[in-house]
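> Residues per chain are reported as follows:
There are 2 protein chains.
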Amino acid sequence: MSSALNSNQIKFKDTVDDEQPTTRRLRNLSLHLTPPSDHRYNLEFEPCSGGRTKMIVDAEKLTIYLRGKHKDIQEKVFEYFNSRTDLQTPIEILKDDYRELCMKQLVGLVREAGIRPFKYVVDDPVKYFAMVEAVGSVDMSLGIKLGVQYSLWGGSVLNLGTKKHRDKYFEGIDNLEYLGCFAMTELHHGSNVQGIQTVATFDPITDEFIINTPNDGAIKWWIGNAAVHGKFATVFAKLMLPHDKKGVSDMGVHAFIVPIRDLKTHETLPGVEINDCGHKVGLNGVDNGALRFRNVRIPRDNLLNRFGDVARDGTYTSPLPTINKRFAATLGELVGGRVGLAYSSAGVLKIASTIAIRYSLLRQQFGPPKKPEISILDYQSQQHKLMPMLASTYAFHFSTVHLVEKYAEMKRTHDEQLVADVHALSAGLKSYVTSYTAKALSICREACGGHGYAAVNRFGSLRNDHDIFQTFEGDNTVLLQQVAGDLLKQYQEKFRGGTFSVTWNYLRESMNTYLSQPNPVTARWEGEDHLRDPKFQLDAFRYRTSRLLQSAAVRLQKHTKTLGSFGAWNRCLNHLLTLAESHIETVILEKFIEAVKSCPDESSRAALKLVCDLYALNRIWNDIGTYRNVDYVAPNKAKAIHKLADYLSFQVKNIAKELVDAFDLPDHVTRAPIGKQSPGEAYTEYTQYAGF
Amino acid sequence: MSSALNSNQIKFKDTVDDEQPTTRRLRNLSLHLTPPSDHRYNLEFEPCSGGRTKMIVDAEKLTIYLRGKHKDIQEKVFEYFNSRTDLQTPIEILKDDYRELCMKQLVGLVREAGIRPFKYVVDDPVKYFAMVEAVGSVDMSLGIKLGVQYSLWGGSVLNLGTKKHRDKYFEGIDNLEYLGCFAMTELHHGSNVQGIQTVATFDPITDEFIINTPNDGAIKWWIGNAAVHGKFATVFAKLMLPHDKKGVSDMGVHAFIVPIRDLKTHETLPGVEINDCGHKVGLNGVDNGALRFRNVRIPRDNLLNRFGDVARDGTYTSPLPTINKRFAATLGELVGGRVGLAYSSAGVLKIASTIAIRYSLLRQQFGPPKKPEISILDYQSQQHKLMPMLASTYAFHFSTVHLVEKYAEMKRTHDEQLVADVHALSAGLKSYVTSYTAKALSICREACGGHGYAAVNRFGSLRNDHDIFQTFEGDNTVLLQQVAGDLLKQYQEKFRGGTFSVTWNYLRESMNTYLSQPNPVTARWEGEDHLRDPKFQLDAFRYRTSRLLQSAAVRLQKHTKTLGSFGAWNRCLNHLLTLAESHIETVILEKFIEAVKSCPDESSRAALKLVCDLYALNRIWNDIGTYRNVDYVAPNKAKAIHKLADYLSFQVKNIAKELVDAFDLPDHVTRAPIGKQSPGEAYTEYTQYAGF
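Sequences listed follow chains L and S, in order. Numbered per my numbering, the first sequence spans residues 1 to 692. Numbered per my numbering, the second sequence spans residues 1 to 692.
Hints are supplied without guarantee of correctness; some may be wrong.
[Unchecked claim] Pairs of lysine-lysine residues, derived as DSS-like cross-links and limited to a Cα-Cα distance of at most 30 angstroms, are as follows:
#1 LYS245/S to LYS370/L
#2 LYS639/L to LYS561/S
#3 LYS561/S to LYS643/L
#4 LYS609/L to LYS61/L
#5 LYS643/L to LYS639/S
#6 LYS95/S to LYS104/L
#7 LYS558/S to LYS639/L
#8 LYS609/L to LYS561/L
#9 LYS639/L to LYS164/S
#10 LYS609/L to LYS597/L
#11 LYS245/S to LYS371/L
#12 LYS561/L to LYS371/S
#13 LYS439/L to LYS643/S
#14 LYS535/L to LYS639/L
#15 LYS411/L to LYS231/L
#16 LYS558/S to LYS54/L
#17 LYS69/S to LYS406/S
#18 LYS54/L to LYS535/L
#19 LYS104/L to LYS264/L
#20 LYS95/L to LYS439/S
#21 LYS371/L to LYS439/S
#22 LYS535/L to LYS61/L
#23 LYS69/L to LYS104/L
#24 LYS164/S to LYS411/S
#25 LYS439/S to LYS643/L
#26 LYS69/L to LYS597/L
Honestly, the hints are just simulated from the structure, not real lab data.
Required output: the full structure, derived from the provided sequences and hints.
Take a look at the structure:
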């Protein structure tokens, strides 16, 4: 990862004036490649203040703190697939075979291993998400196929339907007899769900709805389970109700259960056209299909009628007064998918960082003159690539665990404040964590060089499978705007004397405290104790968010006058996205600081504090321009932050082995020869894999 | 890409005090999803200064300027594969079939289409690189397989061997009868080539070398053409010469031609063990293998003896005095590979940005209330993702064309200064361009949402295939260090009164001018004319490089005293990498500014100037912390740079269609349904692909 280049070439080079140009050139080249010998070397960083010895971390104790009460269900998943080698996904598999294998994996999990996802969805969402994360570690396609069946298709029946639907479908969904799809997205409409064009027209004569795809752009696209296995689909369509004047009224988007294949013969039903969306960048174990409907008739009972119902006579009733409110209520029920993706994405990051860090500890390349080669993780550049990533993995762990717990609490209590909180928090964390993980997977591959490019070492499939996490269940750029919108609403509430929701509580103080000019004295403080003080770190994060929020509000107000609200929003869009990211980073830091404080084991707590400091200072340094621009930090402090972030990366490197061991991922889950827990086995397994 | 969220929710929201919590929650949700109606909207950016009309660009004229004299050979490649549908790589293909197809593609190209790569390598390197870029656009595996045969295996015979090798092998390499490998990398040694352990011991009795793999770590790994097709390999091994005292002397790394398979039967030869490196993240059309040698005997003549020879009696002779100089000379001949990768990587970026931008112009999602939806490229966030990328594509085009021309000139003249220049420039551009393109491919996929995830739309295979460009032919992190090392050498030369090499010429002035304190007056200038003045832009880039260079030299000197040279280099590693990147960005900007000036067509020149300004200001803004930290720009100027960069992205968006059309990539080369040149066909082709 580092060349043998070094600064000696400057000081030790002899100038020979009479040498030939070619010789000089070659000498120069050789200086690139072989450093003059120098027996002194030191890879240790001197401590920034005072002497320190290497931190001792007990990975097992740290594991106990990290892994929640649902370790058992995860172990059950891991062990089932470890014992069923016939169900493990091979590195090379054709799409159609992969889909069948993925179906078999799902059936095995539910009918043989005794995992009952639908029951967990209802009774214990935290357990459900833990199980999904484990399943995704085995094969992300399987995790997604399971999610389509239980969260999306199953979840839509549970949450958008009523008792009659639950009574009729629960058992079949649970035991996989009723494989189903979630048919929302259309060819022309993904993010803009209100723009979908599929229609469901009520026929009062036959007491049926008639489902139609009015044009090619309205073909349901990317529908998981549709291409091969699905029997039913929850179809989102505009409900059309005929009225007196022989016209129809558009009642807005509703969800309908539409049978798409015969329960016995599995033949596609009349009026339904299903095509295969074909190969994807990843997740090829999932059979995504495209659905077109031509006058498909379904009974009136198939309307999922929790938020809006049609009576036998065609009368429409709803507990909610407007189309927009019904639509919002419908989509609001789907927040669980985002919670699961944020949580699982952090799980993917654990796997990738474990493999990359273990290999970087094992791999040696170059070294001081006449000394053995050193591990590539001893290079500052490799620490820079991987240590803030490891810190982020820990940070995301705690914040997504927090999210999952909040979600479960919301499902239990239906508390209105929690609903709002979980909605915005899930949008923000899903977006931020999946974007980060996607980039991190590329960095891991690159940091592991050529051997990182071997498919067996997993970075390729992890990246390809995870990639779409950034897009589905809400495009990240769109979700960040929801976060920004929520913040602006909170900002307005403040001026009306309202209360902030729990997660954004810090803004209450921010808006009063932080918007004054930065303190010119503290702006110069550069001591390590100060920089590692959670108060400084949180203040810095909160200050940035508050400032971005206030300036966004001012700019929006200004531009709205000339551009209208849509134009103003668009003019400030980059600003708003930065605001949203800043806010999420703040929430993540808060949760991390809380987790450090709550850790009962002293040595684990010290390790977590170190990792948390790295997370905080790395993020502040990444955005140092913002802080400098308002003189929140003076130049000397900026420099000190930079230096300390490098130093903390070095310190974290010293306990990196224990920190990844604490993720407690057995070799049969990481499954990368170069990432074996016991470094002695790594190269051996890898050469054996190639046939030696 | 944008939600319908907008600022109106702040100003137009009614507060209803007596509403139920659930109702309020739902109303809040609905406000997220549907903006209050507002008929005013405006997506146009008001010009920063004065009124402007949309720029008119003639894509055809711009194409003429962009495409060099070797358009013909590229067209020949494109047309051959367009006519031979049986040779086109399908989306799903098993590894072994892919390798056979790739071999057929190569044979077709050489024996049927009349492309003679080896002749171009010798006679016209610019033509060779243009051809390789086109071949890589058809299939990157084919481009790499061709490069292994002609640049690496062929190039090693030509450049490291002498006339006897050329006479014996030229024809067979040219006509593909002698398929060959380049066996340098070992399992344990990639970047550190001097650390390889394979040995070639001279046997004076039989007049042979005996090639041995002393341990598993020395197995040659990742060797292209080895797993299936290769007949020969250029094997890099430590030359061991027996001497009087019955011991052997290690003469350092040399290259040997080792036959690995029987020319007629294709059987693996005795003593050679070949295994398959298996699936890779991408490039699965290339048959990478692993080679182990057990007492493989080759004639003395098989030593590629340009830089070192062994006589019949075992006497060693060389035109170069030391092991290190011979090693440097050997590796120095391999620079062509880096030149080709930098150039081809820019070609990959052209394809990806063409597809992403065409789709972003076509795709509509959301829009102002009661108005049609707008194109996603109308969103500031999408412009932010794709317009600086488009500007970089242009920037990389001009700088890699420059590199290719310099390389050809070097091959023609063997000018010593040019050799040094091309060495450092190729290391820098290969590293910078491939790292950028790798990230850009992920951004393109994400920017195109779900349809970007369809394999048929190519982002997946482009990314997977291109990914390893960052690693092979010199790991990017290692190459950047070579650039930094070169800069430090130049810095030293300066103080000795020596001359700078051509590319770094600017540093001569920099070191005198830029290291004084920034001018507090110009630091505040924020006018558009000033910010778009090439002098301001170049000064800013050069200032940064000069400052980083000077501070790196000071830090290295300081740390060397306590840490030794290796430790000091490592302590400053992140700093040195930043320095190298800053320098390369500067070179790229210089070449871009020159290309703008040289453009003969006025409207094309104006368009290029706009794109160049965006490249420059985007990079300055990305590193605004550095500039602010030394008060090179005052806060007001930082803000103006940010605003102007956003504005230029908007302006470039207005001519984005023409700018990608000017790359002149026909649909049968881009091959992504969503990226069709004629937008009317895009969705149609895509639905037809799915079977509708």
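> So, for every hint listed, does it hold in this structure?
Results of checking the hints against the structure:
Taking the CA atoms of LYS245/S and LYS370/L, the gap is about 25 angstroms. The hint holds against a cut of 30 angstroms. For the hint linking LYS639/L to LYS561/S, the alpha-carbon distance of about 22 angstroms falls within 30 angstroms, and the restraint holds. Restraint check for LYS561/S and LYS643/L: the C-alpha separation of about 19 angstroms stays at or below 30 angstroms, so the hint holds. Using a Cα cut-off of 30 angstroms, the hinted pair LYS609/L and LYS61/L holds, with the two alpha carbons roughly 15 angstroms apart.
Taken as a hint, the LYS643/L and LYS639/S pair is honoured in the structure, with Cα atoms around 27 angstroms apart against an allowance of 30 angstroms. About 24 angstroms separates the Cα atoms of LYS95/S and LYS104/L, which keeps this hinted pair within 30 angstroms; it holds. The suggested pairing of LYS558/S with LYS639/L holds, with an alpha-carbon distance near 17 angstroms, which does not exceed 30 angstroms. Distance hint between LYS609/L and LYS561/L is unfulfilled; the C-alpha atoms sit about 48 angstroms from each other, more than 30 angstroms.
The straight-line distance between the Cα atoms of LYS639/L and LYS164/S is roughly 59 angstroms, outside the 30 angstroms bound, and the hint therefore fails. Of the supplied pair hints, the one linking LYS609/L and LYS597/L holds, its CA atoms being roughly 8 angstroms apart against a limit of 30 angstroms. Only pairs whose Cα atoms come within 30 angstroms are accepted, and LYS245/S paired with LYS371/L is accepted, the gap being roughly 27 angstroms. A C-alpha spacing of about 19 angstroms is found between LYS561/L and LYS371/S, which places the hinted pair at or below 30 angstroms, so the restraint holds.
For the given pair, LYS439/L sits about 27 angstroms from LYS643/S by alpha-carbon distance, which is consistent with the 30 angstroms threshold. Proposed proximity of LYS535/L and LYS639/L is supported: the alpha carbons are some 19 angstroms apart, at most 30 angstroms. Between the alpha carbons of LYS411/L and LYS231/L the distance comes to roughly 28 angstroms, so the proposed pair stays at or under 30 angstroms and holds. Distance hint between LYS558/S and LYS54/L is fulfilled; the C-alpha atoms sit about 25 angstroms from each other, no more than 30 angstroms.
Taking the CA atoms of LYS69/S and LYS406/S, the gap is about 16 angstroms. The hint holds against a cut of 30 angstroms. Restraint check for LYS54/L and LYS535/L: satisfied, since their Cα atoms lie roughly 26 angstroms apart, inside the 30 angstroms limit. In summary, the hint linking LYS104/L to LYS264/L is supported, as the alpha carbons are separated by about 19 angstroms, within the 30 angstroms threshold. Of the supplied pair hints, the one linking LYS95/L and LYS439/S holds, its CA atoms being roughly 27 angstroms apart against a limit of 30 angstroms.
For the hint linking LYS371/L to LYS439/S, the alpha-carbon distance of about 36 angstroms lies beyond 30 angstroms, and the restraint is violated. For a cut-off of 30 angstroms, the pair hint linking LYS535/L to LYS61/L stands: about 27 angstroms separates their Cα positions. At most 30 angstroms may separate the alpha-carbon atoms for a hinted pair to count; LYS69/L and LYS104/L meet this at roughly 28 angstroms. Distance restraint check for LYS164/S and LYS411/S: the Cα-Cα separation of roughly 21 angstroms lies within the 30 angstroms cut-off, and the hinted pair is therefore satisfied.
A C-alpha spacing of about 27 angstroms is found between LYS439/S and LYS643/L, which places the hinted pair at or below 30 angstroms, so the restraint holds. Of the pairs offered as hints, the one joining LYS69/L and LYS597/L holds, with about 20 angstroms between alpha carbons and a cut-off of 30 angstroms not exceeded.
In this structure, the hints that do not hold are numbers 8, 9 and 21, in rising order.
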